[in-house]
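**Student:** Sequence:
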Amino acid sequence: EGGIQAADKENDSPMIHYVDALGGGHFKNVPELLYKLVTEGPGAVKWLNDLGVMFDKEADGTMLTTHGGGTSRKRMHAAKDYSGA
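Residue numbers for the sequence shown, in the numbering used here: 392 to 476.
As a list, the in silico DSBU-like pairs of lysine-lysine whose alpha-carbon atoms are at most 35 Å apart:
| id | residue 1 | residue 2 |
| --- | --- | --- |
| 1 | Lys419 | Lys448 |
| 2 | Lys471 | Lys448 |
| 3 | Lys427 | Lys437 |
| 4 | Lys427 | Lys465 |
| 5 | Lys448 | Lys427 |
| 6 | Lys465 | Lys437 |
| 7 | Lys465 | Lys400 |
| 8 | Lys400 | Lys419 |
| 9 | Lys419 | Lys471 |
| 10 | Lys471 | Lys437 |
| 11 | Lys437 | Lys400 |
| 12 | Lys465 | Lys448 |
| 13 | Lys465 | Lys419 |
| 14 | Lys419 | Lys437 |
| 15 | Lys400 | Lys448 |
| 16 | Lys427 | Lys471 |
| 17 | Lys437 | Lys448 |
| 18 | Lys400 | Lys427 |
| 19 | Lys471 | Lys400 |
Computed spacing ranges between beta-carbons, pair by pair:
| id | residue 1 | residue 2 | range |
| --- | --- | --- | --- |
| 20 | Gly443 | Phe418 | 35 to 43 Å |
| 21 | Asp451 | Leu413 | 28 to 36 Å |
| 22 | Glu431 | Asn402 | 16 to 24 Å |
| 23 | Lys400 | Lys471 | 13 to 21 Å |
| 24 | His417 | Leu442 | 30 to 38 Å |
| 25 | Thr457 | Leu425 | 18 to 26 Å |
| 26 | Ala450 | Val421 | 35 to 43 Å |
| 27 | Phe418 | Asp451 | 36 to 44 Å |
| 28 | Gly416 | Leu455 | 19 to 27 Å |
| 29 | Glu401 | Asp441 | 14 to 22 Å |
What the hints contain is simulated information worked out from the structure, not anything from laboratory work.
Note that beta-carbon positions come from the ideal geometry of N, C-alpha and C, so glycine has one too.
Construct the entire structure; sequences and hints are all you get.
**Tutor:** Okay, here's the thing in structure tokens:
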């Protein structure tokens, strides 16, 4: 299991993601790198989707998101079990 965390839903934001990730990293994160991750993540997921990555989708075609460990919002974008393992 796994996926890409990106705050791209209406009830989420890069700053909420930042706070979640700070706590999840036990405050040992590199702040500048974490900021880059949470602010550029949504665009990266959109880019991958536009390239044809087979992310899980809702019936209406929007990307399905689920909770990752310890997160306060559903922001995990996954592609079934296409991990290659």
